[in-house]
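Going down the list, the protein sequences come from chains A and B.
The first sequence begins at 1 in my numbering and counts up one residue at a time.
The second sequence begins at 1 in my numbering and counts up one residue at a time.
Each hint can be trusted.
Some but not every residue of chain A turned toward chain B, in silico, with C-beta under 8 Å:
no. : residue
1   : F31
2   : V66
3   : V67
What the hints contain is simulated information worked out from the structure, not anything from laboratory work.
Glycine included, each C-beta is placed from N, C-alpha and C at the ideal position.
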Amino acid sequence: MSLLRNMAGGLRSLFRKERVRRELDEELNGFLEMAAEEKMKEGMNRKDALRAVRLERGSLEVTKEVVRSAGWETFVETCWQDLRFALRMLRKSPGFTAVAVLTLALGIGANTAIFSLVNGVLLRPLPYRDPNRLTMVWEKSRDGSRENVGYATYLDWKSQNKSFEEIAIYSSWQPVLQVGEPEQLNGLRVTSNYFRTLGIRPEIGRDFLPEEDAPTGNKVVMLSHSLWQRKFNSDSNIVGKPINMNATQYIVAGVLPARYQSLMNQDPRGGVVEIWRVLGYDVSQPWACRTCHHLVAIGRLRDGVAITQANAEMDTISAALSKAYPKEYDDIGVILTPIREQLLGPASTPLYVLLGAVSFVLLVACANLANLLLSRATDREREVAVRTVLGATRGRIIRQLLAENCVLGLLGAAAGLIPAYWTPKVLASMGAGDLPRLDQVHLDWRVLLFTVGVALLTGIAAGLAPGYRLSKNNMHDSLKEGLRGSGSVASRRLRGLLIVSEVALSLTLLIGAGLLLRSLSRLLVVSPGFDPTNVLSMQTSALGQRFNDNAVVRQYFADAIERLRALPGVQSAAAASQIPLAGNMDKYGFHVEGKIHANPEEDPSAERYCITPGFLETMRIPLLRGRDISRADTATAPQVLLIGETTARRMWPGEDPIGKRVKLGGVDQPWWTVVGVTGDVHHAGLEADPDMQMYIPHQQWPFPDGLMVFVIRAASSPAAISSAAQQAIHSIDATQPISRIMPLETYVGLSVQSRKFALILIGAFATTALTLSLVGIYGVTAYSVAQRTREIGIRIALGAQRGELLRLLLRQGMLLVACGVIAGVIASLALTRFLASMLFDVQPTDLLTFGSVVLLLVAVSLAACFLPARRAMRVDPIVALRYE
Amino acid sequence: MADKPSDLVQGTLDMLILKTLALEPMHGYGIAVRLEQMSKGVFRLNAGSLFVAFQRLQRDGLIRSEWKATENSRRAKYYALTDQGRKRLNSETREWGRQVAAIARILETS
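One chain only, chain B, in its complex shape:
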C-alpha cells in the first residue's frame, strides 16, 4: 500500500491546498508537486480533481488567482490565500486535529 499512491480522504483536498498556499502563492503544478513532496509520495493528484478544487475554492472566495511569470519565465496562474481562506484553514486544521485525535482514541481503546 505504501508504494502505490493512495486516494485522498474525502473532502481533505481543499484543506491540503489551503495549507500548501499558506506559505506562499503558487501555481497549479507547484501545488501538486508540493503536496506530493510533503506527503512523501503518498498522494498523487490528477489534474482533473486538482483544477476542480481550484475552481471551487476560488468561487468560495478562499483563494484568488493571478497570472504571473514562473521562474522559468513561463506564464502561469498563481493562486494565493485570501483572508477568508486563512481563517478557514485555521478552523479546519483545528477541526481535523480534534477528529484525528478522537478517531485515534477509538482505534486505541478497541
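Extracted from the complex, chain A is given alone in its bound form:
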C-alpha cells in the first residue's frame, strides 16, 4: 500500500515535473519568508533577516536540490539523461559504434540462437500434467540395460504395486490410413489408461474405456490434432465415425488438443505419432507372455512417493516374480527413468556442450569490445577530466560509461535477434538430427529475457574495466595537452590480459571443433558393410483381406520385384523386412543346436532380415562362404538361412558354420540350416560395432512380413527411377501405400547427421572466435606500433636492422599469443572430456588435434601481428621524428 503511494508520488514528480517543482518552490519560499518575518519582528532589516535565515536553515537552491534528490525518481531521471547522452555519443562516432554493435551482434546472436534451441528442446515444460511424477518402468536385464516388458509382467506390476497412481504400456503401430491417398501413419497401441497416466484429456470426444481394452472390443482410435486437421478437415463431428485402416474399421473416440504433440517414439526417420489405438491384449494370447519383451511401460508416481521408494518396491515385486517363474525372468530388478531424462536426456549433452561453446564466443566478443573501449577510453580521457572538474563524481562517470555500454549491448542484441529468429528453420534444414521438439523451437519470452540479460551483462562486463580506469584518471595530466595516454602501462597490461583470454577461448573452441572433425572423418571412412551408391529404397506393405494367405503375400512381393527388375536403368532389385541404418529394430531370439540353455531368456538374439533372392547382390553385401539364397529355396524346400560374420564368430568360434542348425523363436520350432556367411553390416549406426545378423528367405518364413522395404540398384542416379518404380508397384495393387522413398545414401547421411550438426555449429563458433581474436591481436600490435612510431624512427635513424626491429615488434604480440595458447591448452585438457560422448575413435586429449590446432592458431596470429609490424618497418625516420 505505502509502496504504491510511494510509486505514485515518484511518478507524479516524474511526469508532472513542472507543477511539482513550482509547488516545492512556493512552499520553500514561504518557509524562508516566514522565518525572515520572524527575524524582522526582532528588528532586523529584511536583507539581514534573509541572510540570517539562509545561514540558519540552508539556502533555497540547496534545499530544493536536497529535497528533489531524496526521491527515487531522481535516479530514474539521471539514468534517462545518461541514456540520451550515451546515444548522442555513439552517434558521434559511427565507425566505433558499427564495429562494436557488429561484434556484439555476433556474440549475442549466436547465444540467443543456441539458447532458443536449449529452451525449446530442454527447458520448456513437457506436455503432460505434472511431468515430474512420470517415469518409465523397465525390466533390468542381465547386463544391467533397460528392457521392455511383457504383458503378463505388466499386469502383475499393475495389480501388486502401491507406488504408482497408474501404469500404462504402449508399443509402436504403423497402420495404413485408407482415407484419400493411402498413407502409412506412425501410431501407438496403448492401454486404456495411457492418456490418464500422462494427464491428457481429449479436446473433443472421450478417452478410451477400460472395457474397450480387450481382444473383443478394441476397435477405437484417438487422433492427434494435426492428423484430424490434415486428413479429416477438422470435422467437428468426427467422434463416433468409422475410419478404414489396414482394411479394418475403427471408430474415432476423440481428438487430442493441439498443444499435445507426442514425444514418444522419437525416430527422426519415422516422424511424430499421430494416432493411438487401444492395445486390447489378453493374458491368454501367445504374444502376451512374460518373455515377450515388446511393450514400453510408463507410470505416474503417487503423490509423496519418491522415485527411490518406488524403485525399491518394484524391485521386491520383480524378485517375487523371478522366484515364481524362474524360467521366464533373468531380470535382477526394475529400472525407473524419469520421463524428462528418457525423452530429453540424450539431447541434453550435445546441447549443453553447444551452449558452453557459444558462451565462449560471447566472452571473446566481450573481450574484444573491452579492448575497443579501452582504446576509446584513451581518446576520452580529456572529456572525462573536464566532467570531473565540473563536479561529476566517479560513480556518476562510471554510470554514464556503463549506460553507453548497455546501449551498445542492447543495440547488439537487437541486431543479434534477427538471425536468431530464423535459427530454428535453418537448424531444422541442416537436419539437427535426433533433437526432439525441434519444430517447437521459437522465440518466446524466456529467449527474449535471456537475450536482454546477456546484452546488459555483456555491456557492463565489457565496460567495467575501461570505465574504472577512466574514472581513476588523474585529471591534471589529462587536461594538459600533449601528454597522451597517461597510465598506459596499466591499460596495456589490461589489453594484454584480454588478448590472452581471447586466444585461450578460441583455442579451446578450435580444439573442440578439431576433435569433432576428426571423429566425423574417422566415421565417414567406416564402411557400412554395403554399397549405398545408386540404391533407392522404398517401403510398402501388403494389406487387405486377400493378403491373409501367406502364399499371396509371397507372390505379391515376388511379382513386384520382377516388375522392378524389368524397368530400364534398373540393375537389380530385392526386398527385405528391414534394411540397415534405417532405424528399424527387429531382433529375433535363436537357439544353436547343441547349445540350448535351460532358461530360454539366456539365448542369443540377432538382427533378422527376411529377404528375397538378390538382396545381397543389390546391396553388395559380400558373401564370404557357402552360397547365397536363391529362388530354389521355396516354401517347400528345406529351410535355410545366411548368417553374418559376427554371428559365425560368436556362435561357432573356430568352426565352419556351414551346415550348422539353429531354431528361430521358441525351442519347439523347426531347424534351419546355415548355408552361407555374409560380411557384417552396420545396422544400428556406423559408430556401433556390428551385431549378429541373420538372413532368412521370405519364401520360407512362416509368417511372411507384410511390410517390406524394396532396394533397387540403378545404373545412375536413383532419383531418376523413383516414379517409374512406384508406378511398377502400383500397377500390381494401387491401394498399397508407398512410403519412405529414399536413396540409401540418405540413410547413411542421416546416421552421421547429429555429428555433422554439432561439428558445423562448433566449427562456426570457433571460426567466429578466432576471427575476433585475430582482430584483437591485430589491434593491439597496431596500437603499440602507432605508439612507438617515434621510437621506431629513432631506432631506424640510428641504424637498427629491420629484422631486429621486426622481432622486437612481433615479440610483444606473440608473447601474448603464447600465454593464451598455454592457458587454452590447459582449459581444453579440462573441458574436452565433456565432448567424449560425441567423439568417435578419437581421444578427448588427442595429441594430433591439439598439436595441429595450436600450430594453426600460432600461424594465423603471427600473420595478424606481422601486418602492422611490417607497416612500422616502412616508417620514414624523418616523418617519425617530426611526428610529435
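Given the coordinates of chain A, work out where chain B should sit on it, guided by the hints.
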C-alpha cells in the same frame, strides 16, 4: 553543549513531526518553530532535512497536505496526520519509551 543546537538522534525526526501534527494541522515553518520551542531550542532544523522528511512521510501515507491561507493571509501548505500516521505515532511512542527506559537502565547500572 546546551547552548549549541544539537543534531537529532537518527530516525527520530519523523516521529517528532508526527507528534507535532497530532495536535493540529500545521505548515512547514510552524512545525519547525514548534519543534524548536518544545525542545527549548535544543533542536534547530534546516529546511532540507525537514522537507525531505515531509516528502517521505507523505509518500508513506502518514501525513497528507493541503494548501491553505495562514493567519497572516499567506498561502502555505498545511500538513495533517492521517489515521495511519496516528497509529504509527502511537506505536513509535510506545517503542521509544521502551527503548529509552532500557537505555536508562543500562546507563544507571553501569
